[in-house]
Structure formats: structure tokens, C-alpha cells
Amino acid sequence: HCYAGKDRTGVIAALLLALADVRPELIAADYTASTQYLRDGWLAAAPPEEHQKILEHLRCPEEHVHNLLTHLDSEYRGPIEYLRHLGLSRQEILGIRMRLRG
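This note's numbering puts the sequence shown at residues 4 to 105.
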């Protein structure tokens, strides 16, 4: 379901921002901004008849991030436990978190 790497990148960015205790609405706004940043380059490289399809694929709706964060909370009790599920140690996760929080 990924187009232009935005969704894979968006998931990782959202996970890291959540780990740093960024508010969900700010994480969602950051993801949504990707639509504008990706738009011009993709449209310039495509023929006009492809533009509508490209615009739909580049859409980054806020609800996607809210759904991701809700899933992390309901299934894993948040980003820390999700990263533990993936195999990171508590020490590794706390180290990442401290670096992100500056």
C-alpha cells in the first residue's frame, strides 16, 4: 500500500515521534504535510493524464496515522511495547527515546 515510500517512511516517523511523546495530532499533521512536499516533483515527472491518479496515491490523510497510533495502543500498549515485540531491548528503546527527546 506504499507509494513513493511515504507510507513506510510515515510509519517509522510516526513510531519514532510517538516514542518521543509527540502529541498524536502533531504526528498526524506532519504525515499529512507529506502530500504537499511530494506533489510537485511527482506531477512534474508524469504526463498530465496521470496526475489525478498520482494525487490520489500521494494523499496522506491524518486518519491513517491516528489508526496506526490507536492500533499500537490497543494491540501493544504503545510504541515501547511494540518495539519490544520487534526485538529491541528496553535499554535500546530508552536510548533511542532519550536521543529523540534531546
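Among these hints, one or two may not hold up.
Unchecked claim - Pairwise CB distance ranges, derived in the manner of DEER restraints: (1) A36 with R104: 46 to 54 Å; (2) G90 with D43: 34 to 42 Å; (3) V25 with H88: 18 to 26 Å; (4) G81 with E53: 18 to 26 Å; (5) G105 with A32: 19 to 27 Å; (6) K56 with Q94: 42 to 50 Å; (7) L46 with S92: 37 to 45 Å; (8) E78 with G44: 14 to 22 Å.
Calculated directly from the structure, the hints in this document are not laboratory data.
All values reported here derive from a predicted model rather than from experimental measurement.
Ideal Cβ positions, reconstructed from N, Cα and C, are used throughout, including at glycine.
Q. Honestly, do G81 and E53 meet the 18 to 26 Å range at C-beta?
A. Cβ of G81 to Cβ of E53: about 40 Å, so the range 18 to 26 Å is violated.
Q | Whether the CB-CB distance between A36 and R104 falls inside 46 to 54 Å | A | 22 Å, violated
Q: State, for the Cβ atoms of G105 and A32, whether the hinted interval 19 to 27 Å holds or is violated.
A: 20 Å, holds
Q.
Can you tell me whether the CB distance of E78 to G44 sits inside 14 to 22 Å?
A. 35 Å, violated
Q. So does V25 sit 18 to 26 Å from H88, Cβ to Cβ?
A. At 21 Å between Cβs, range holds.
Q) L46 and S92, beta-carbon distance inside 37 to 45 Å? A) 44 Å, holds
Q: For G90 and D43, compare the CB-CB distance with the range 34 to 42 Å and indicate the outcome.
A: 39 Å, holds
Q) Is 42 to 50 Å a correct range for the gap between the Cβ atoms of K56 and Q94? A) 46 Å, holds
Violation of the numbered hints given earlier is confined to hints 1, 4 and 8; the remaining hints are satisfied by the structure.
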